[in-house]
Amino acid sequence: MKEKLRVVLGKGIIPLGLFLLFASLTSFAQERTVSGRVIDEKDQGLPGVAVTVKGTTKGTNADVEGNFSLAGVKDTDVLVFSSIGYLKQELSVNGQSTLNVKLVPDVANLEEVVVTALGIAKDKKALAYAVTEVKGSDFTQAREVNLGNALSGKIAGVNASSTATGPGGSSRVLIRGNGSLSGSNQPLYVINGVPIDNTNVGSAGMWGGFDTGDGLNSINPDDIESMTVLKGGTAAALYGSRAGNGVILITTKTGKGSKGIGVEYNGTYTFEKVRDLTDWQYLYGSGTQGVAPTSKDEALANGAVSWGAKLDGSPVVQFDGVSRPYSAQKNNIENFYRRGSTFSNTVAISGGDEKLNFRFSGSNADSKGVVPNASFNRKSFNLSVNANLAKKLIFESVVQYNIEEGRNRSFLSDTPKNPNFAAYMIANSVDIRNLAPGVDSRNYELLWNSNVYAQNPYFATDYVKNSDDRKRFLGSFSLRYNLTDWLYVRGRVGTDLNTIDFESIEPTGIAYATAGSMGTNVRKINETNGELLLGFTKDIGDFSLNAIVGGNQMYRVNQNMYIGGSQFVIPFNYFLGNLTSSDRNIEYKPFKINSLFASADLSWRNILFLTFTGREDWFSTLAPANNRIFYPSVGLGYILSDALSDKPSWLTYAKVRGSWAQVGGGYPDPYALNLTYTLQGNPYSSYPLMNIGTSTIPNQNLKPNTSTTTEFGIETKLFQNRIGLDLTYYDRVTTNDPVKASTSSASGYNDVLLNVGKVQNKGIEILLSGTPVKTPGGFNWNASFNMAYNANTVVKIADGLPTLSLDESRTRNAYIYHFEGQPYGMIAGSRMKRDASGNVVYNKATGLPVQGDFEMLARGVPPLTMGLTNTVSYKGVSLGFLIDGKFGGYIYSATNAFAMSRGLSKVTTDNNVRETGVTVTGVDEQGESFTKTLSAQDYYSGIATTITDQSVYKSDFLKLRQMTLGYSIPKSLFGKMPIQSVSLSFVARNLFILYKKVPNVDPESTYNSGNGQGLEMFGVPPTRSYGLNLMVKF
Amino acid sequence: MIKYIRNTKLAIIGGVLTAGLVTTSCDKGFVELNTNPNAVTDPILENLFTYNVVKTAGTGYENHRGNLIYAGAMVQHFASLTTYWSGDKYLSNVEYYSAFFETAFTNQVKEIEQIIALTKDKPELSNKYNIARIWRAFIYHRITDLYGDIPYSEAGQGYLDGILSPKYDTQETIYKDMLKELEEAGAGLDAAKVSYGAADPLYAGDVVKWKKFANSLMLRLGMRMTKVDAASAETYVKKAIAGGLMTSNDDIARLLHYDTNDNNRNLDANTLKTQEYDAANLKGKANSKLSKTLVDFLQTNNDPRLQYIATLWQGNADRNQLPTASAPAVQKGLPNGYDPTTIKTLIPAWNDNSLATYSEANLNYIASNAAPTVFQSYAEVEYLLAEAALRGWGDGAAATHYNKGVTAAMNLFSIYGATIPAASITAYLAAHPFVTSGMTSQMEQIHTQYWAATFLNSYEAYANWRRTGYPVLKPTNYTGNATGGVIPRRLRYPASETSKNAVNYRAAVAIQGPDDFLTRVWWDK
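These protein sequence lines map, in sequence, to chains A and B. Just add 2 to wherever you are in the first sequence, counting from 1, and you've got my numbering. Just add 8 to wherever you are in the second sequence, counting from 1, and you've got my numbering.
It is worth saying that the hints were derived from the structure and are not from the lab.
Derived DSSO-like pairs (lysine-lysine); straight-line CA-CA distance at most 27 Å:
id: 1; chain 1: B; residue 1: K175; chain 2: A; residue 2: K798
id: 2; chain 1: A; residue 1: K908; chain 2: A; residue 2: K312
id: 3; chain 1: A; residue 1: K124; chain 2: A; residue 2: K255
id: 4; chain 1: A; residue 1: K978; chain 2: A; residue 2: K877
id: 5; chain 1: A; residue 1: K298; chain 2: B; residue 2: K352
id: 6; chain 1: B; residue 1: K291; chain 2: A; residue 2: K298
id: 7; chain 1: B; residue 1: K128; chain 2: B; residue 2: K175
id: 8; chain 1: B; residue 1: K482; chain 2: A; residue 2: K846
id: 9; chain 1: A; residue 1: K764; chain 2: A; residue 2: K126
id: 10; chain 1: A; residue 1: K973; chain 2: A; residue 2: K776
id: 11; chain 1: A; residue 1: K846; chain 2: B; residue 2: K533
id: 12; chain 1: A; residue 1: K1035; chain 2: A; residue 2: K877
id: 13; chain 1: A; residue 1: K934; chain 2: B; residue 2: K482
id: 14; chain 1: B; residue 1: K300; chain 2: A; residue 2: K298
id: 15; chain 1: A; residue 1: K540; chain 2: A; residue 2: K124
id: 16; chain 1: A; residue 1: K258; chain 2: A; residue 2: K90
id: 17; chain 1: A; residue 1: K357; chain 2: A; residue 2: K255
id: 18; chain 1: A; residue 1: K835; chain 2: B; residue 2: K175
id: 19; chain 1: A; residue 1: K381; chain 2: A; residue 2: K255
id: 20; chain 1: B; residue 1: K533; chain 2: B; residue 2: K246
id: 21; chain 1: A; residue 1: K591; chain 2: B; residue 2: K36
id: 22; chain 1: A; residue 1: K381; chain 2: A; residue 2: K526
id: 23; chain 1: A; residue 1: K56; chain 2: A; residue 2: K540
id: 24; chain 1: A; residue 1: K312; chain 2: B; residue 2: K352
id: 25; chain 1: A; residue 1: K999; chain 2: A; residue 2: K835
id: 26; chain 1: B; residue 1: K36; chain 2: A; residue 2: K526
id: 27; chain 1: A; residue 1: K978; chain 2: A; residue 2: K258
id: 28; chain 1: B; residue 1: K340; chain 2: A; residue 2: K298
id: 29; chain 1: A; residue 1: K978; chain 2: A; residue 2: K1035
id: 30; chain 1: A; residue 1: K381; chain 2: A; residue 2: K473
id: 31; chain 1: A; residue 1: K255; chain 2: A; residue 2: K1035
id: 32; chain 1: B; residue 1: K175; chain 2: B; residue 2: K188
id: 33; chain 1: A; residue 1: K137; chain 2: A; residue 2: K124
Computed spacing ranges between beta-carbons, pair by pair:
id: 34; chain 1: A; residue 1: K999; chain 2: B; residue 2: G477; range: 50 to 56 Å
id: 35; chain 1: A; residue 1: K1035; chain 2: B; residue 2: V39; range: 54 to 60 Å
id: 36; chain 1: B; residue 1: A357; chain 2: A; residue 2: V293; range: 16 to 22 Å
id: 37; chain 1: A; residue 1: T923; chain 2: B; residue 2: D185; range: 45 to 51 Å
Glycine is no exception: its CB is placed at the ideal position from the N, C-alpha and C atoms.
Using the sequences and the accompanying hints, generate a full structural model.
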């Protein structure tokens, strides 16, 4: 018996009657083995297609040629054929043993199946909330070493920014704004179902420091299959207390669907150059009060001061005692920084059959920063093995091992060890190259200015050392057993083991402490999650139910061991045993969250979808009386287009959705409940020294915050997919935030932990995509525009606490503060004091404007973010570019404040003030009218560090972020070579700033990825990178 | 049968899930897990007290900024050609004038308030309580002397009372309370009861000496009020004398130091050594030097202390060069208030080699890393007694106290490893006997000596100078200075107070006057 049933969609379906006839003839409730072949729209075998018996979990996957075979099929069963990117198809068996199927691409929704919470793949149309999936290929061409930076401008509602630090730094990724007043606002990252650590293990603050990157740095873009952004509470609700800021799910590539053994190579070489955005005055040179230096000491005192005489080319003595022409040096920034480069190579091998498949990749990414001697190297090895161990037992695993080395990361913000300070602030008549090699004949730092804390930049890059070496193991192992057709159990263990060795050396001869010092840290951050769940899938009439119930245990230990000290006994020998005095410190912080969770997805006729989730978390870091919290969510989705009986022809697809969820975040660190005492590493004489071990006031009653999100959305596709629109409105309210609130130092403490506050984030996200041009000749133009506006309000802080401090600039006159009723993270400080009539009040003694009261100045976080992606392709050639921008925020630029006080800003020469002085008119502190003429130097250096708003600028920008020009070489060219495809691209990142307001610096220049955004100071200048990318598949 | 097995499996797995996570309690072991193994919950009072005294001597940060750069230069012990030595030129540097306030509250007040809370109302700990009260008065008097009105009654209570934004008390209230505290605490000391023992780095638990210190401090505070409230000043000076004061250099309040690590070093000295002089590197071209005012006073009076206070950089670079480098004749002080350019208006011959010929504090003696920090010396007590005698408040003759003061001040150099021969002291006193020409000159003589005896304790030198006006210091008027060429009368409040404690800060400013360098503190009116 060789019945063949060929169903070709779009050409005609075999009449139902005939179907029934067959059925009645042959269906005698027998079990049989059904086999066949699945082909795609080009009649090629389609590998890996899931073939399941409808309403059960019984199923198999097609092999690489599209052939499948499934035993134990009843004649009355219906087989479901599904594959990502294709429309699902159902076929009744009707007693046949062979079924051949042709799947058609899902033009309505190419990303039909998305990975959702707990790694469960769902039909996108069934979701009641907004998710965005980004394909791995979006990150691999024009790559950033840190994945977080690569997210910039790609997803509506995701605000990604990076630090001005060079390769391997951290990034700040915000989904739908800042919810937590002082806790982390970054999302949870989950790789293959397992949460990973994304701690920023070292960052710069007002006192300087450097950024040693975050956990996201470990991910090799070439290993990413897809990235799903769970934006709202409902999407992430199953992660409970960890979901408050949204979740980013990363699925790595596997060997599924491999055709034999395949090899893939992806290599990128890019080089980058700094962009000098400074626009200093070049009329007056080094010196003070209009006078050029006349001695070496004076030149040193004015090494970073440009208040001198008119530049006239005459010989003037410089910091080293050598006289050189007194003329403008306009290229100090370009002359100091080197050409950076990144060379990354990934080779992946994959293979397998229907029983077992694997993929192994090895990669090496080597970055040399623009700051001399700064580098970052990442080697990663990733192995994915999936196996059907027995008929009902499925094993999946991914292990990854990373070796990451950061070397001489640039110090930022404050001046010590920061080479950028000199590059920006060196007097404009001194050539920075004369500061090389940074040392004198004894190998001590060569001084170039009188502030010993403002390092010689060559000394900072060539002699000051820091290193961080991270070894990281990521593992995810899951075992699923199908108990019945409709019930399965899945156990999963995931672990993320990080060990980071830090070393930093202030070498012998560093000007501010010539005896030198060093410190070493061993930091371990380990997190293990164990999860067990029971899943249920069943169709009952028009309804189908998917439910899970399970539990998770999270155990994280954060350890730190520090040994360091000062004064090397034998100079220039840098090891711990060579220190005159040493210090040690140890930290051990374990943390557990135990959880129970359940969810139910109920659908009706594939048109109406209802989702419930609930999760209860128990926290080890909370007091026993209040250590458990319940997180619920509910969502509803309705496929309008499928429900319409007479759908208009232009409407391809339409869905409305709404959801509500309560999730949490910002739970306290270990040991925050009680006051403890610690012993100092070194006793006084022989007497131990004990002190209160914390500068934060502990609190027994702390709880995590609660973030309640309500969202509504519409998704439509019109005119056969030529236009797509996805619109979301959300309202997210975070309450009861455990806040680290700054206290008056007179309280004895620097801050306190309080559950306070109410922060609201309301916003809209728009994703507009379309294909403006599509010709039969193969010319395609795809465009996608995303935009999000997040209206943010700190509704309440706490009774008696109308403001909350977040951060402070090194200039100590600019702050980031929360103010009740205002947006999150306002730049705060002082304006000039004015009397009731608006006259500026001057200090009679100095003639300078009196610093007004501390007040709110401008918002630090831009509310509007947008991105525009365009891809034009014709045959094998494609051209893509990404423009992104952020609007509505401000930045306090300490670099500009310094430039004003050092006489570099153009304002210090405008209107001939160097010659005429600055005449101020107003009133004195007694209210008498006052006028005085000050030298430009006295006036501008006087206001630069007191009057904050002088250096507050709009941080709006529009950048040509990325450009790629790719060419896929036709296969025919390779003849019989074992090459499947080759593509070559020219890639460029950060090409142009199309629009900005802040002078001299990049509006995105920020020195850390913490909550206090809106401060800038002496970061690594922005860079532009170009390169080539080669992708070969064998 | 198959169905039965399936159900059993189901039951087992369901059981593991629910039983494992619910019935065995989802928070088992959480309290233990959240207990820091590297810290203790029960404090050891002795160790807390040692820490508190050590940190009151300084953490290095505020020593540099508060004691040296501001106070030390304003009283013209130090001078500098740089602009970061803000006190030399009366420049406003928010970070430097904030440093002492912020550090004192978080490193000194914090623990002493904790010790007081832990010992209060415990009769068996009364000595520990009373010693802590005396030490607390010491801590607060330095803060209020520098800033004026400060948080006091509500300060340091962030944990104890949950006060996050303490109100400011007027200096008058604070002084009255500190004096009351010293009186009560001194009287409450009981030799029969347990004290801090050897962990007390000042007096090794000797309550008799603590009582002398309490009274000596009362004398200092009492005398501070002469300008504003002479009657109270008299009352407390008399009480202090009656209660018993320091009687020799064995009674001084000092912390010994050891050059091992920063918990043991003299951090005023170490700051000078590592951050200012770094003799081998700078070869005498340091950013700070001794002031001409100080060096001239010691030199013109043939003061035997000069060689132990001052040296040229060669002596700091190499101890073997001390004999020539610290020779009194070659010492030279730098005029206050100039920069490398403007100094040429004063000294036309100035060149790049000039700076190296100016004296630095002697790192081998008074500014050694192992030199004790002196909180209050016996010499200071005698000088104040000389003034009390002049005012008719004390016993004995002013001249006697003056002579004892000078003798004690010079003998004190033994703690720095220097021996000033008795003959030198006799000769000095013979050459500079107590003047007889009236109160004004007598006050000048006493307090100029007081000023010389409080070198490196600039907090005290600055306070006493503001009260007495001695020695007469010539102010400078550097361009861009914050006072119009007048020596500041206080430090400004830290910027953090203007924002984090805004309401109380504004209230304090409304009472005390504008938050600038010229507003006078209560006792300086």
